[in-house]
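Protein chains: 2
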Amino acid sequence: MTVSPSVPSERAAIVSAARRVGVFTEEEIRTVGELFDDYLRDAVGTGYNFLSYRVDNQVLGFACWGPTDLTRGAADLYWICAAPEAQGQGVGAALFHAVEEAVRSAGRWLIMIWTSGKPEYESARKLYERTGCELSARVADFFDHGDDLLLFTRRL
Amino acid sequence: MTVSPSVPSERAAIVSAARRVGVFTEEEIRTVGELFDDYLRDAVGTGYNFLSYRVDNQVLGFACWGPTDLTRGAADLYWICAAPEAQGQGVGAALFHAVEEAVRSAGRWLIMIWTSGKPEYESARKLYERTGCELSARVADFFDHGDDLLLFTRRL
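Each protein sequence line maps, in turn, to chains D and F.
Residue numbers for the first sequence follow the working numbering, beginning at 98 and rising by one.
Residue numbers for the second sequence follow the working numbering, beginning at 98 and rising by one.
Don't read these hints as lab results, they were simulated from the structure.
Every residue, glycine too, gets a C-beta built ideally from N, C-alpha and C.
A couple of the hints might just be wrong.
Unchecked claim - Stretch-level coverage of chain D by chain F, calculated; a stretch enters the list once three of its residues show a Cβ under 8 angstroms from a Cβ in chain F:
| hint | stretch |
| --- | --- |
| 1 | 123–137 |
| 2 | 161–174 |
To be verified - Some chain F residues near chain D, calculated using beta-carbon distances under 10 angstroms:
| hint | residue |
| --- | --- |
| 3 | Gly-170 |
| 4 | Ala-171 |
| 5 | Met-209 |
| 6 | Ser-233 |
| 7 | Ala-234 |
| 8 | Arg-235 |
| 9 | Asp-241 |
| 10 | Arg-252 |
Go ahead and model the full structure; you've got the sequences and the hints to work with.
What follows is the structure in structure tokens.
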């Protein structure tokens, strides 16, 4: 198993994992691909950064994070995703720890995690609780009517 | 007095107001100019949107807001700024109400306001409290060491 910065040839596997996990909208899945293209153009540590989780060179999950604009301390975790065939195998936790390391290496100390209160995001919420994140805010009807924002933070 | 969408010729007055108010960093002031250029390119209601507060065609303040990506309900208030010579005259409140109207017109119902806990932002915090905003989160050391995030929300 390896977790390290994604390479250009992994674009299709990453978008596919996002699609197959079944919780993201088409707009969100399209955004994953667009951010991946930005990542390939950006310098490391700026803009968007992708990490891949691989077993035998097969991508089983990915994470995307970036420094929060106009802050020195914060980074946003945009996506963390395990392919459906790899759920329950610690993919999320391994990716999360790799993001922590990357954020620390970038000289930042706070990870902001935007997630949904909907039932299908329960495993994500459990991951954030297990990895020492704090629930800093709950904002009702943020994503849509009946779809609340849960803002978790992880202090490094 | 008028408050309405900014016009291209107001760019210099807007950047100047941001500079003269004395609380923003050079990076933040440069960002105001860049977002204004994006605003001139974008369709109304998408991306970044600027509103100017004018007396006798003189720009005495501005606000910048935009729909929050990947949400149906939320909008971010990025900047609200009264020129130093116009402080205490209700410029901030007038701009804030114009943002509320614009967000409502865009079919959104929640304004997210990111501000700093530093003393020089006290008048901004007072404005948000007066206009019915709720303090949804306080995140220590977000902007920098000793510079906390105060996340206010306004539900329309």
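Under the constraints set out in the numbered hints, which ones does this structure not fulfil?
Checked against the structure, no hint fails, so every one of them is satisfied.
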